[in-house]
Amino acid sequence: DAKTTQPPSMDCAEGRAANLPCNHSTISGNEYVYWYRQIHSQGPQYIIHGLKNNETNEMASLIITEDRKSSTLILPHATLRDTAVYYCIVRVGGAGGTSYGKLTFGQGTILTVHP
Amino acid sequence: KAGVTQTPRYLIKTRGQQVTLSCSPISGHRSVSWYQQTPGQGLQFLFEYFSETQRNKGNFPGRFSGRQFSNSRSEMNVSTLELGDSALYLCASSLDPPGSVSYEQYFGPGTRLTVT
Chain V
1 DAKTTQPPSM DCAEGRAANL PCNHSTISGN EYVYWYRQIH SQGPQYIIHG LKNNETNEMA
61 SLIITEDRKS STLILPHATL RDTAVYYCIV RVGGAGGTSY GKLTFGQGTI LTVHP
Chain D
1001 KAGVTQTPRY LIKTRGQQVT LSCSPISGHR SVSWYQQTPG QGLQFLFEYF SETQRNKGNF
1061 PGRFSGRQFS NSRSEMNVST LELGDSALYL CASSLDPPGS VSYEQYFGPG TRLTVT
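Just so you know, the protein sequences line up as chains V and D, in that order. All residue numbers for the first sequence refer to our numbering, where the first residue is 1 and numbers rise by one. All residue numbers for the second sequence refer to our numbering, where the first residue is 1001 and numbers rise by one.
Take these hints with a grain of salt, some might be off.
[Stated by the list, open to error] Here's a subset of chain V near chain D, in silico, CB distances under 10 Å, partners left out:
#	residue
1	Gln38
2	Ser41
3	Gln107
I should point out that these hints are in silico values taken from the structure, not numbers from a laboratory. Just so we're clear, the structure is a prediction, and the values are computed from it rather than from any experiment. Just so you know, even glycine gets a beta-carbon here, dropped at the ideal spot from N, CA and C.
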């Protein structure tokens, strides 16, 4: 699985958009980008995933650059409850590869939302 | 619908002992994965089961083992515990089989194991 690079920490004001970047310059054509977050003392929570098109769900939006070497997770209106560690993961989707369900977590970005 | 449940939530064991942790996936989910989380190493993949078969395994010694039952419930076992095995052990379940594109994993609250 491709390696990802994320800033160790970011701050955001409550009510503002939080934009979390992720670099995955060695991503392969069949690798998807996944985002999870982990709120203190809880298990990680799935947020969103995508291949090359931008994706949006009720939690967030995922913007993937055209060359797929980087992506940005956007929380449109951050709240205090969004304070967490955010993990960007790339993983082979579909039947290809040997990673199957394995998620390789990096150090993630600690997002702190301030009042 | 109930989430992933893990028992026990907290456990204290002595070096050299063995321990069994249990995970009940979300109803209908057939894939179960296990992860170890420590402050130094972060979240690391242990193994994954689907239809009672281990489909993938991480880089952990043979002291770490697991199994999955016909009802998809899973257990992991650590034998001859070492101090370094102190960690949060997380279980995750998925509706989709391994290798699926979506493969959203739903994590349980974890079991906090302390080895003294």
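Interface hint status, V/Ser41 versus chain D (Cβ within 10 Å): 8 Å, holds
Take the shortest C-beta to C-beta distance between V/Gln107 and chain D; is it under 10 Å? 6 Å, holds
Against chain D, with CB atoms and a cut of 10 Å, does the hint on V/Gln38 hold up? 8 Å, holds
When each numbered hint is compared with the structure, no violation occurs for any of them.
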